[in-house]
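Protein chains: 2
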Amino acid sequence: MSAEITIALDAMGGDRAPDAVLRGANIALQRFPQARFLLYGVQSRLAGALEKLPRLSERATIHHTDELVTGDARPSAALRTGRRSSMRLAIDAVASGDADCVVSAGNTGALMAMAKFGLRMLPGIDRPAMASFFPTQRGESVLLDLGANVECDAENLVQFALMGDVFARTVLGLLHPTVALLNVGSEEAKGNDAVRGAALRLRAPGVPIRFQGFVEGDGIAAGAADVIVTDGFTGNIALKTAEGTARLFTDFLRASFQSSLTARLGYLLAHRALRKLRSRLDPRRYNGAVFLGLDGICVKSHGGADALGFANAIGVAVDMKLNGFLEKIRDGLAQLSDISTPQDKPQSAAL
Amino acid sequence: MSAEITIALDAMGGDRAPDAVLRGANIALQRFPQARFLLYGVQSRLAGALEKLPRLSERATIHHTDELVTGDARPSAALRTGRRSSMRLAIDAVASGDADCVVSAGNTGALMAMAKFGLRMLPGIDRPAMASFFPTQRGESVLLDLGANVECDAENLVQFALMGDVFARTVLGLLHPTVALLNVGSEEAKGNDAVRGAALRLRAPGVPIRFQGFVEGDGIAAGAADVIVTDGFTGNIALKTAEGTARLFTDFLRASFQSSLTARLGYLLAHRALRKLRSRLDPRRYNGAVFLGLDGICVKSHGGADALGFANAIGVAVDMKLNGFLEKIRDGLAQLSDISTPQDKPQSAAL
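Protein sequence lines correspond, in order, to chains A and B.
Going letter by letter, the first sequence gives residues 1 to 351 in the working numbering.
Going letter by letter, the second sequence gives residues 1 to 351 in the working numbering.
Read the hints as simulated data drawn from the structure, not as lab findings.
Quick caveat, the model's predicted, so the values are computed rather than measured.
Careful: at least some of the hints might be erroneous.
Identical chains share a label here; the pair holds if one copy fits it or two copies do between them.
[What the hints assert, rightly or not] Here are the simulated lysine to aspartate or glutamate pairs, EDC-like style, with alpha carbons at most 16 angstroms apart:
no.: 1; residue 1: K190; residue 2: D72
no.: 2; residue 1: K190; residue 2: E151
no.: 3; residue 1: K116; residue 2: D126
no.: 4; residue 1: K321; residue 2: D295
no.: 5; residue 1: K321; residue 2: D306
no.: 6; residue 1: K52; residue 2: D251
no.: 7; residue 1: K321; residue 2: E51
no.: 8; residue 1: K321; residue 2: D98
no.: 9; residue 1: K276; residue 2: E187
no.: 10; residue 1: K116; residue 2: D92
no.: 11; residue 1: K328; residue 2: E58
no.: 12; residue 1: K52; residue 2: D331
no.: 13; residue 1: K116; residue 2: D295
no.: 14; residue 1: K328; residue 2: E140
no.: 15; residue 1: K328; residue 2: E151
no.: 16; residue 1: K276; residue 2: D15
All chains should be modelled from the sequences, with the hints used to inform the complete structure.
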């Protein structure tokens, strides 16, 4: 019934390529039977893997290339020399209109550089941002930027807020997501120039964003807002600090359960319930970081993702396409520029 | 046998003052029988609480004042109008030499402003930093700055590295702690000017610090270094993100154990083992953030700390005094300036 959607996959990207990529596509096909896949990579390897996946092979075409971007390639080098790489060809398929979106588990920096070059920026966006979901006490929220921009000014943060808002609407399905800026305190005077300036702009009347002010680091996991905006330096460190803390907790918990016979027995009894906990915090559920601000849909899967994780990354890309992410971003940018142009100068002066 | 040590306490600071403060001092007295306490606060309230603590009352003297710094006071206002406050008088006791260190669970910003004014900065330190311990896979590490400085340059970070190194030596008892800079990647080219510049300086030959380069956010909980240095914006957000993640995990775990009868039974069996986990991650164990860079020892307890938590904050202050923190910082600064002066210019130019 629904219109076909075409997904370009960098079949050679990631630690478990091409297997996890193809099996991930196969899983995604169950959720999106209207999907069609363009697979970029080494013909012989992909054909071999496809043979075991008859359903996928009916909906996929292989586009052969011998070249690939290695995990340690520098973005600038990859951009210069990787024109025939599986990553680049998958991006080019979106640029040419052959595909609706691209997913890769390859080198993040190279993917960002190539996507920026191949897909171009949306007019009105100065810099792309990386966004992802994370689990909270209230469900799921969006955090951005996760590392694309090490230094950001107020205007960048305002654009990130807008992009995060549209992302939460199109992928989490929220009608009016709340948006907050990550800061070291909730009072207006707290923080650096960039966050204070962004808050001033986001509080201006008519801005089409449900802005909730500042939240502190513990507000991320608390789900204090649906979208949490920060610069790429802080966002990257917050995300990885959360990952490290979760790992610490899991390891300590495992050690506790193994520390005595009664504890082991307790674990056996609570096992089913704990599996639910694990599934709730399963990083595969939150796989798929999105490059926002590009004139095209590009999703980055974690390099170590398995088939299920990769399928979720594909799901994010498809949801963005199906729910008109790019069109909504363009609308939002137009509204924002209508509002901010006349008020821009006096606001900056008020700082 | 050991020499007496005098601790000034802001007995009116914190959510549970003066009770948690006095009972905390009572607990600390068991570990440090040579301690003597100067208690600043309302005579009648302190005398009433002391009556129930006969051992402490032998080692404590009350210094009456009616004034206190409220939790919402602005630092500048507290500094101007709080000259007779319990917080300020406790700090002044260190400045005048009547006490060896001061501990307060009161308003952080006010305490920092008053301590900076009352105790002055150490010569050679541009800005104070807040440091604290946190639990890791390998034991405990030190993180700084936790929010005293929202914006930092390379020189600030180098000074924080030195102060963190001395803090880990004097309080964690490490002979040669490893020191790392928090960054968005481990490669030399990653990060902003401040972290790259600080890394260059810390790698210079002769710097008396075991510098390990960059660590990412997940390195904090992994215990990738004994001392992890960052600016106050990032450090504050990393610390609170970790706290929020730990709370999310605990809440999800509790819900899992309550989700079925068998899970509850499992919890009962594993209860003792889980108590160990809780104790290992107990925030009270890590209570006591230190203001480093001041010419005096000032420790901030969490405002909500109970007696045990406050006792740990006192323990941090006493350990710093007993292990010659201030003398070691002075030595370290002298070594650092010997090394950095001749090389400073070419290094900056190399950036």
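Evaluated hints:
Taking the closest pair of Cα atoms, K190 and D72 come within 16 angstroms of each other only across two copies (14 angstroms); inside a single copy the shortest separation is 39 angstroms, beyond that limit. For the homomeric pair K190 and E151, the shortest alpha-carbon distance between copies (12 angstroms) is at most 16 angstroms, but the shortest distance inside one copy (18 angstroms) is not. Taking the shortest alpha-carbon separations for K116 and D126, only the intra-copy value of 11 angstroms comes in at or below 16 angstroms, while the best inter-copy value is 41 angstroms. Taking the shortest alpha-carbon separations for K321 and D295, only the intra-copy value of 12 angstroms comes in at or below 16 angstroms, while the best inter-copy value is 60 angstroms.
Proximity of K321 and D306 under a CA criterion of 16 angstroms is satisfied in neither setting, with 23 angstroms inside one chain copy and 52 angstroms between copies. With identical chains, the CA atoms of K52 and D251 are never at most 16 angstroms apart, being 36 angstroms at best within one copy and 42 angstroms at best between copies. In the homo-oligomer, the alpha carbons of K321 and E51 never lie at most 16 angstroms apart, since the shortest distance is 29 angstroms inside one protomer and 71 angstroms across protomers. In this assembly of identical chains, the alpha carbons of K321 and D98 lie at most 16 angstroms apart only when taken from the same copy (14 angstroms versus 70 angstroms across copies).
Taking identical chains as interchangeable, the C-alpha atoms of K276 and E187 are never at most 16 angstroms apart, the minima being 38 angstroms within one chain and 37 angstroms between chains. When the C-alpha separation of K116 and D92 is checked against a cutoff of 16 angstroms, the pair qualifies only within one copy, where the shortest distance is 11 angstroms, while the shortest distance between copies is 58 angstroms. Taking the shortest alpha-carbon separations for K328 and E58, neither the intra-copy value of 33 angstroms nor the inter-copy value of 71 angstroms comes in at or below 16 angstroms. In this assembly of identical chains, K52 and D331 lie within 16 angstroms of each other by CA distance neither inside one copy nor across copies; the values are 44 angstroms within and 68 angstroms between.
For the homomeric pair K116 and D295, the shortest alpha-carbon distance inside one copy (9 angstroms) is at most 16 angstroms, but the shortest distance between copies (51 angstroms) is not. Taking CA atoms no more than 16 angstroms apart as the test, K328 paired with E140 passes in neither setting, with 21 angstroms inside one copy and 47 angstroms between copies. In this homomeric assembly, K328 and E151 never come within 16 angstroms of each other (Cα to Cα): the closest approach is 26 angstroms inside a single copy and 35 angstroms across copies. Proximity of K276 to D15 under the C-alpha cut-off of 16 angstroms is found in neither arrangement, the shortest distances being 27 angstroms within a copy and 37 angstroms between copies.
Of the numbered hints given earlier, the model fails hints 5, 6, 7, 9, 11, 12, 14, 15 and 16; all others are met.
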